[in-house]
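Visitor: Each chain, written out:
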Amino acid sequence: MGGTTESYSAGITRRRLLETGLAGGAALALASCGSSTSASSSVSAKPRRGGRLRVGMITGGQAETVVPAKAVNLPDMMRLGQLYDELFVVNADVQTVPGLAESAEPDSTGKVWTIRIRQGVTFHSGKELTADDVIYTMRSWTSQSSFAYGLSGSQIDAAGLRKRDAYTIEVPLVRANARFPDLTTAYNQWIVPEGYKPGDKPDGTGPFVFESFTPGSNSLFRRNPNYWVSGLPYVDEFEVISSFTDEPSRFNALVGGEIDVLPSMQFSDAKAQLSADQVTLLQAQGTACSYFYMRVDKPPFTDVRVRQAMRLLVNRPQLVEEAFDGLGVVGNDLFGHHCPFYADDLIRQYDPEMAKSLLKSAGQENVALTLQTSPVVPGIVEAATVFVTQASQIGVKVNIVRDDPSQYFNTATLYLKMPFAQAYLNNVFSLQFAYGQTCIPNASFWETHWDDPKSVQLLYAANAAQDPATATSLWHQYQLQQFNQGGYIIWGENRLIDGVGKNIHGVSAGRQANLSNNNLKGAWIA
Amino acid sequence: MQSVSSEAIRNRGVGFRYLRQLARRQRQRHPLLWFTARRVAAGLLTLFVATVLIYAAVDVLPGNVASNVLGRNGSPAQLRALEHKLGLDRPLIVRYGDWLGGILHGSFGNSTTAIAQGSTHAPISKIISGPAVNSLILAGFTALLFIPLALLLGVLAGVRPGSARDHVISTTSLTIVGMPEFVTGTLLILVFFSELRLLPPVSLVEPGQTALADPNILVLPVATLLATTTAGATRMLRAGMAAEMRRNYVAMARLNGFSERRVVLRHALRNAMAPSVQIVAQMLQYLLGGIIIVESVFSYPGLGTTLVNAIDSRDATLVEAVALVLAAAYITINVIADLIVVFLVPKLRTTA
Numbered sequence: 001m002g003g004t005t006e007s008y009s010a011g012i013t014r015r016r017l018l019e020t021g022l023a024g025g026a027a028l029a030l031a032s033c034g035s036s037t038s039a040s041s042s043v044s045a046k047p048r049r050g051g052r053l054r055v056g057m058i059t060g061g062q063a064e065t066v067v068p069a070k071a072v073n074l075p076d077m078m079r080l081g082q083l084y085d086e087l088f089v090v091n092a093d094v095q096t097v098p099g100l101a102e103s104a105e106p107d108s109t110g111k112v113w114t115i116r117i118r119q120g121v122t123f124h125s126g127k128e129l130t131a132d133d134v135i136y137t138m139r140s141w142t143s144q145s146s147f148a149y150g151l152s153g154s155q156i157d158a159a160g161l162r163k164r165d166a167y168t169i170e171v172p173l174v175r176a177n178a179r180f181p182d183l184t185t186a187y188n189q190w191i192v193p194e195g196y197k198p199g200d201k202p203d204g205t206g207p208f209v210f211e212s213f214t215p216g217s218n219s220l221f222r223r224n225p226n227y228w229v230s231g232l233p234y235v236d237e238f239e240v241i242s243s244f245t246d247e248p249s250r251f252n253a254l255v256g257g258e259i260d261v262l263p264s265m266q267f268s269d270a271k272a273q274l275s276a277d278q279v280t281l282l283q284a285q286g287t288a289c290s291y292f293y294m295r296v297d298k299p300p301f302t303d304v305r306v307r308q309a310m311r312l313l314v315n316r317p318q319l320v321e322e323a324f325d326g327l328g329v330v331g332n333d334l335f336g337h338h339c340p341f342y343a344d345d346l347i348r349q350y351d352p353e354m355a356k357s358l359l360k361s362a363g364q365e366n367v368a369l370t371l372q373t374s375p376v377v378p379g380i381v382e383a384a385t386v387f388v389t390q391a392s393q394i395g396v397k398v399n400i401v402r403d404d405p406s407q408y409f410n411t412a413t414l415y416l417k418m419p420f421a422q423a424y425l426n427n428v429f430s431l432q433f434a435y436g437q438t439c440i441p442n443a444s445f446w447e448t449h450w451d452d453p454k455s456v457q458l459l460y461a462a463n464a465a466q467d468p469a470t471a472t473s474l475w476h477q478y479q480l481q482q483f484n485q486g487g488y489i490i491w492g493e494n495r496l497i498d499g500v501g502k503n504i505h506g507v508s509a510g511r512q513a514n515l516s517n518n519n520l521k522g523a524w525i526a
Numbered sequence: 527m528q529s530v531s532s533e534a535i536r537n538r539g540v541g542f543r544y545l546r547q548l549a550r551r552q553r554q555r556h557p558l559l560w561f562t563a564r565r566v567a568a569g570l571l572t573l574f575v576a577t578v579l580i581y582a583a584v585d586v587l588p589g590n591v592a593s594n595v596l597g598r599n600g601s602p603a604q605l606r607a608l609e610h611k612l613g614l615d616r617p618l619i620v621r622y623g624d625w626l627g628g629i630l631h632g633s634f635g636n637s638t639t640a641i642a643q644g645s646t647h648a649p650i651s652k653i654i655s656g657p658a659v660n661s662l663i664l665a666g667f668t669a670l671l672f673i674p675l676a677l678l679l680g681v682l683a684g685v686r687p688g689s690a691r692d693h694v695i696s697t698t699s700l701t702i703v704g705m706p707e708f709v710t711g712t713l714l715i716l717v718f719f720s721e722l723r724l725l726p727p728v729s730l731v732e733p734g735q736t737a738l739a740d741p742n743i744l745v746l747p748v749a750t751l752l753a754t755t756t757a758g759a760t761r762m763l764r765a766g767m768a769a770e771m772r773r774n775y776v777a778m779a780r781l782n783g784f785s786e787r788r789v790v791l792r793h794a795l796r797n798a799m800a801p802s803v804q805i806v807a808q809m810l811q812y813l814l815g816g817i818i819i820v821e822s823v824f825s826y827p828g829l830g831t832t833l834v835n836a837i838d839s840r841d842a843t844l845v846e847a848v849a850l851v852l853a854a855a856y857i858t859i860n861v862i863a864d865l866i867v868v869f870l871v872p873k874l875r876t877t878a
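Protein chains in written order, with my numbering: chain A, 1 to 526; chain B, 527 to 878.
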């Protein structure tokens, strides 16, 4: 990584990870793939203190909130990531590392985890972080109305959740999980003080302290002088400007110096910046991906040969070029590229001839399909259009239906009902997260309606395997099955691109999410 | 109502015919007052019809606030529960009646989206007060500038139709009028920001302040709106002026030896005033729609951006409140313009 202070993740060496005793996690760290490709925006200068860091985001309107359990749009994630911390975080190499938790150890069964909480951490109100706060927060995750329920909450046995001493808690799980901390790194799992209720003034342990918030417009925070990572943050104030309604004005604001940070830049703007060079681009090839999905319980996709044919007929480089403006790499129909245990050896070939013969043997030669698409994010509809052309080359006729964006992810109308449609996944921090959300019956993103009990058992076994070699083997088995029989056509992995002003340093891209998952605590203004 | 004998009616003069005569006498004595009263009543009726249309239009939009707030994670059961909590599963008439009742009591209600997100108190009046002031500033500056500018250009072009002066003014205004606001705005940004670095490309306002805090941010949005409204008004004023100059009395005045200046200012212009008022009113109404687009282009924190955001998040009550404010402004401009015209043209007071 670059020579800057990139917050505490730089301080976590492999030795530290071993010391913290993350069972299996140590092996994970050693098995991590190579060096990060995160780009840093500074070189060797000493960080300068002071100033206000302004982040520009597309508005979430009146739906914006500062309640951790309710955050759903991007400005909320940015805001809450500065006010609060999580127990564990995922670093730029997609490794789970300590956050507010110092360590976590499973028992031999993997069903009971002991989590040690960092000492000497205070909330903005001055109250010290203890096991009581963590228990209180985790208990709220186990409620079905919390967004955290589908992430880690449903895995926790709420009745047995207890504190062992002031800084140690015991977390019993519903089923064995060798890497439970992975699940706690996802969004909506920030630690709040005991007794916190929505509507209270935000009181977190994060690098910035709450000052003001106007939904759909603006929020202002100031530096936390008692932040538990000593020395950070450098800037005095942090502002999230979420009044932008469209990308061109947000981009203009960055170039004009009205904002300092622009998370998630549009492909066309990024492409132009590669030569125009008015701002610094932070780029990383990460775990985010874009895909088509087929419901395996709806004909003709019930026949695995048809599914395989659909995957083989896709010319992936062409899709990446059209949909991402070339800013991305091809996908191989598997989630979580760069995550621990990802099956690097499984590469999808482009074989339209084989696709044609598979369709013929399934009796579906020249089949006619309907693909539902919607401009929910840039690139999706373009990908659909290109796909139609590619399919027609082997005689498959695809009819496109454009749905309204507000219906496309609405479970009451279209979502999880459509037989052939598109989607994307960002913030994939672990394989168990990706497959747990997509390939278990009635999961949040159960798009393909994959319903194979043996497969689900295999997933649980892979999650439970503490021995690294066993885990690797089971995960490979699981991914091989998805690779061969699954309903996903994951054709591309979009590059994560953020823009910062030329005078902004201490910020870098990471594979896990934009801005290393909104990690701006080490940012400084030259 | 107690029955009154026909004798008593005749004797005491209480009856419809009497009332009609009374009314007619009042109208003759205070024609302006009556005209005003009728015009305002008609305006209120139009506003009421507008509320019905607005409410129905928002209801027809696909998707609702529940799916917007819960996002991709929301299960059908959660969606239904939230809809029920917000009262969205009640019939349209009931919801409309509720809302209208609130309006008549002077309350816009709470933001549907904010309530859906768990807020207990999110009064719309507080949400739109800041943006309303900002939009007023934007529209106000534009109006203050385009009215004299358009009048000047329109008269200059119209008094000598076909002249070189007229050609220049007419062609320029035609070109500008043909361009949509977002093209004009983007061109201005290109020139004044990208090339010259003179002005900011977006109009951001610090929380708690109005747009007047940093006048720089007003220049380009006002210029964009000014271009289109001035061009449009100029064209119509020029046409009106030119038509007026062709009238017989102008030729007569000239033949009588009146100076051109006197002909134009004291006679032609005064007669062109009444239609000019309507033209200015029309442009002001156009301005109400124009601010929505221009605010988006510059991310200017006014009612326009509030409305667009509200529609995006299916915030029904907020959309209705802003649409109602804009409709009321639109209708008010109409009514005032009519009143001014009647004031200027006495003949209309009694024949209207």
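Since the hints were derived computationally from the structure, they do not count as laboratory data. Bear in mind the structure is a predicted one, so any value in this text is a computation, not a measurement. Do not rely on the hints blindly, as some may be mistaken.
Claimed, not checked - Below, simulated DSS-like cross-link-like pairs (lysine-lysine); rule was C-alpha separation at most 27 Å, straight line: (1) B/652 / B/611; (2) A/454 / A/111; (3) A/417 / A/454; (4) B/611 / A/201; (5) B/652 / A/417; (6) A/298 / A/397; (7) A/197 / B/873; (8) B/873 / A/201; (9) A/201 / A/111; (10) A/127 / A/201; (11) A/298 / A/197; (12) A/197 / A/127; (13) A/298 / A/111; (14) B/652 / A/197; (15) A/111 / A/46.
Visitor: Hint by hint, say whether it matches the structure.
Guide: A quick look at each hint next to the structure:
1. B/652 / B/611: Answer holds: residue 652 of chain B to residue 611 of chain B is near 23 Å, not above 27 Å.
2. A/454 / A/111: 21 Å, holds
3. A/417 / A/454: 23 Å, holds
4. B/611 / A/201: 24 Å, holds
5. B/652 / A/417: Status violated; Cα separation ~40 Å.
6. A/298 / A/397: Holds, because 17 Å separates the two Cα atoms, which is no more than 27 Å.
7. A/197 / B/873: Not OK: residue 197 of chain A and residue 873 of chain B at ~68 Å, beyond 27 Å, violated.
8. B/873 / A/201: Roughly 65 Å between the alpha carbons, so the hint for residue 873 of chain B and residue 201 of chain A is violated.
9. A/201 / A/111: 36 Å, violated
10. A/127 / A/201: 14 Å, holds
11. A/298 / A/197: Judged against 27 Å, a Cα distance of about 44 Å means the pair is violated.
12. A/197 / A/127: Distance of about 16 Å is within 27 Å: holds.
13. A/298 / A/111: 37 Å, violated
14. B/652 / A/197: This hinted pair holds, its Cα atoms lying about 24 Å apart.
15. A/111 / A/46: Violated: residue 111 of chain A and residue 46 of chain A sit about 46 Å apart, past 27 Å.
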